[in-house]
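Student: Start from the sequences, fold in the hints, and give me the full structure.
Taken in order, these protein sequences are the chains called A and B. With my numbering, letter number 76 in the first sequence gets 76, and the count goes up by one each step, no holes. With my numbering, letter number 1 in the second sequence gets 1, and the count goes up by one each step, no holes.
Incorrect hints may have been included.
[Claimed, not checked] Derived DEER-like restraints, expressed as beta-carbon distance ranges:
hint : chain 1 : residue 1 : chain 2 : residue 2 : range
1    : B       : 77        : A       : 278       : 50 to 60 angstroms
2    : B       : 88        : A       : 323       : 43 to 53 angstroms
3    : A       : 192       : B       : 52        : 30 to 40 angstroms
4    : B       : 88        : A       : 63        : 37 to 47 angstroms
5    : B       : 99        : A       : 276       : 35 to 45 angstroms
6    : B       : 74        : A       : 87        : 37 to 47 angstroms
7    : B       : 98        : A       : 49        : 32 to 42 angstroms
8    : B       : 84        : A       : 296       : 26 to 36 angstroms
9    : A       : 296       : B       : 27        : 24 to 34 angstroms
10   : A       : 244       : B       : 35        : 18 to 28 angstroms
11   : A       : 276       : B       : 74        : 56 to 66 angstroms
12   : A       : 8         : B       : 93        : 46 to 56 angstroms
Note that these hints are calculated values from the structure, not bench results. All figures in this text were calculated on a predicted structure; none of them were measured in a lab. Backbone N, C-alpha and C define an ideal beta-carbon position, used for all residues, glycine too.
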Amino acid sequence: MTLTSVLKFGRNIVVILAILAVAGWLAFVPSAVEPPYMFVAAWGEKGSAPGQFNDPTGIAVAGDEVFVSDSRNGRIQVFDRDGRFKRQFGTPGRGLGQLGRPMNLAIRAGELYVAEYFNDRIQVFGLDGRARRVFGKSGSGRGEFNAPGGVAVAPDGDLLVADFYNQRIQQLGSDGRFVRQWGTTGKIGIRAGEFNYPTDVAVGAEGSLYVADGYNDRIQEFGADGAFLRKWGGPFAMNLFGPFNGWFATVTGIATDSAGNVFAADFYNNRVQKYSASGKFLVGFGARGSGPGQFDHAIAVAVSGDGTVFAADFGNNRIEKWRPAER
Amino acid sequence: MKFKTFLQRTAIAFSLMLAASGVLAAPLSYQLRVDGLACPFCAYGIEKKLNAIEGVERVETNIKDGAVIVIMQDGFTLDEATARKAVKEAGFSLRKLEPAQSVPNAGPR
Numbered sequence: 001m002t003l004t005s006v007l008k009f010g011r012n013i014v015v016i017l018a019i020l021a022v023a024g025w026l027a028f029v030p031s032a033v034e035p036p037y038m039f040v041a042a043w044g045e046k047g048s049a050p051g052q053f054n055d056p057t058g059i060a061v062a063g064d065e066v067f068v069s070d071s072r073n074g075r076i077q078v079f080d081r082d083g084r085f086k087r088q089f090g091t092p093g094r095g096l097g098q099l100g101r102p103m104n105l106a107i108r109a110g111e112l113y114v115a116e117y118f119n120d121r122i123q124v125f126g127l128d129g130r131a132r133r134v135f136g137k138s139g140s141g142r143g144e145f146n147a148p149g150g151v152a153v154a155p156d157g158d159l160l161v162a163d164f165y166n167q168r169i170q171q172l173g174s175d176g177r178f179v180r181q182w183g184t185t186g187k188i189g190i191r192a193g194e195f196n197y198p199t200d201v202a203v204g205a206e207g208s209l210y211v212a213d214g215y216n217d218r219i220q221e222f223g224a225d226g227a228f229l230r231k232w233g234g235p236f237a238m239n240l241f242g243p244f245n246g247w248f249a250t251v252t253g254i255a256t257d258s259a260g261n262v263f264a265a266d267f268y269n270n271r272v273q274k275y276s277a278s279g280k281f282l283v284g285f286g287a288r289g290s291g292p293g294q295f296d297h298a299i300a301v302a303v304s305g306d307g308t309v310f311a312a313d314f315g316n317n318r319i320e321k322w323r324p325a326e327r
Numbered sequence: 001m002k003f004k005t006f007l008q009r010t011a012i013a014f015s016l017m018l019a020a021s022g023v024l025a026a027p028l029s030y031q032l033r034v035d036g037l038a039c040p041f042c043a044y045g046i047e048k049k050l051n052a053i054e055g056v057e058r059v060e061t062n063i064k065d066g067a068v069i070v071i072m073q074d075g076f077t078l079d080e081a082t083a084r085k086a087v088k089e090a091g092f093s094l095r096k097l098e099p100a101q102s103v104p105n106a107g108p109r
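Tutor: Pasting the structure below:
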């Protein structure tokens with residue numbers, strides 16, 4: 001083989017690799033189809049006084065109030081939409097009204113649902129902070145939890161719970177009876193309908209169930225009948241993580257808006273990603289840091305009726321407010 | 001020497017003896033090194049498992065440097081096998097367990 005032949009062979013290899021890289025990029029890195037969101041404000045710092053946080057891990061919005069899981073402080077803090085402190089409730093502990101590492105939140109019909117990681121239960125409060133009832137206990141049986149990370153409430157009042165260490169999603173009736181589950185208890189999996197430490201759940205406008213399949217770096221969607229519909233996040237949604245559009249690096253929170261769009265807290269990528277109800281990438285926003293519009297790990301997200309996005313900025317111990325760009 | 005003074009001096013001497021023998025020493029604490037400890041779901045999981053071990057007073061995690069400190073109640077120790085099992089149940093591998101410097105009691109968290 002002559003030197004010329006070797007050079008030609010090398011050139012062909014480089015060209016083929018370049019073509020594959022471009023094809024891979026086009027196939028697996030979608031472009032944003034919406035303008036980026038605009039950062040509005042942030043509030044909070046580390047501490048235990050009102051308005052301060054020690055690990056904000058969950059967020060929900062109802063009307064003009066923003067509810068935040070202030071996890072290590074064992075409480076829920078309530079703010080107006082501009083970050084002004086309004087009230088707080090809960091203390092660390094296991095009793096009714098107490099909280100053991102509250103995580104992702106849900107609000108429905110004037111009630112706040114709190115996933116308690118340490119207490120292995122879902123506790124329900126009135127929006128005024130009065131504890132009303134509790135679902136679940138420690139274990140791996142039906143209706144039992146091992147570190148629930150998030151909760152959602154279906155239109156009929158059923159609870160959907162991300163049962164983190166049990167590697168499953170449980171559905172309970174509004175009376176607490178077990179209805180069904182997705183995933184095999186205690187078994188990590190990568191195939192459709194299997195989970196790798198699910199962190200949160202959300203319900204879509206059509207009754208779909210969206211699961212933040214945390215350490216599989218993907219989202220899975222199930223129909224109202226429970227059937228698997230689709231999954232997305234990186235190539236083939238097979239636990240390939242990365243910083244590109246449409247990829248994740250651990251999904252820790254998920255929410256839907258009134259139009260059915262899906263918002264995901266992309267923890268290690270320090271951003272929030274927005275998708276259509278069917279999983280099409282729309283836009284992402286946020287970057288690593290502690291300045292305006294930056295995150296030190298985005299852990300949870302909520303969307304208000306007017307489309308304003310509130311996100312928990314875990315490492316910076318603050319809440320960020322974003323709004324859609326003017327069209 | 002008055003009787004009251006004698007009692008006071010005796011009490012002080014007894015306390016010093018106990019301290020020297022370790023009875024009044026600070027509670028034992030350990031530092032665990034755990035790979036991949038970077039999010040609260042992980043950190044809380046490890047805290048939860050370690051807190052369930054008999055004799056554990058409290059657990060402190062530092063997510064940023066992957067360190068876990070376990071402070072024991074008086075009279076209790078933590079062996080590596082027990083720590084390893086708890087960390088494994090939380091989904092991680094224990095890289096190292098070593099005695100840590102005594103940590104002042106900060107109360108429940």
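Student: Take the hints in turn and mark each one as holding or not.
Tutor: Hint by hint, here is what the structure shows:
For the pair residue 77 of chain B and residue 278 of chain A, the supplied restraint of 50 to 60 angstroms holds, since their beta-carbon distance comes to about 56 angstroms. The beta-carbon spacing between residue 88 of chain B and residue 323 of chain A, approximately 45 angstroms, falls within the hinted interval of 43 to 53 angstroms. Roughly 34 angstroms separates the CB atoms of residue 192 of chain A and residue 52 of chain B, a value that falls within the hinted 30 to 40 angstroms. Restraint check, residue 88 of chain B to residue 63 of chain A: a C-beta distance of roughly 45 angstroms satisfies the suggested window 37 to 47 angstroms.
Between residue 99 of chain B and residue 276 of chain A the Cβ separation comes to about 54 angstroms, which falls outside the hinted range of 35 to 45 angstroms. Take residue 74 of chain B and residue 87 of chain A: their Cβ atoms lie about 40 angstroms apart, and the range 37 to 47 angstroms holds. Between residue 98 of chain B and residue 49 of chain A the C-beta distance comes to about 35 angstroms, which sits within the given range of 32 to 42 angstroms. Distance hint for residue 84 of chain B and residue 296 of chain A: a CB-CB separation of about 31 angstroms, consistent with the stated range 26 to 36 angstroms.
At about 33 angstroms, the CB distance of residue 296 of chain A to residue 27 of chain B agrees with the hint of 24 to 34 angstroms. Remark: the range hint 18 to 28 angstroms for residue 244 of chain A to residue 35 of chain B is upheld by a beta-carbon distance near 25 angstroms. Taken as a hint, the range 56 to 66 angstroms holds for the pair residue 276 of chain A and residue 74 of chain B, whose Cβ atoms sit roughly 58 angstroms apart. For the pair residue 8 of chain A and residue 93 of chain B, the supplied restraint of 46 to 56 angstroms holds, since their beta-carbon distance comes to about 49 angstroms.
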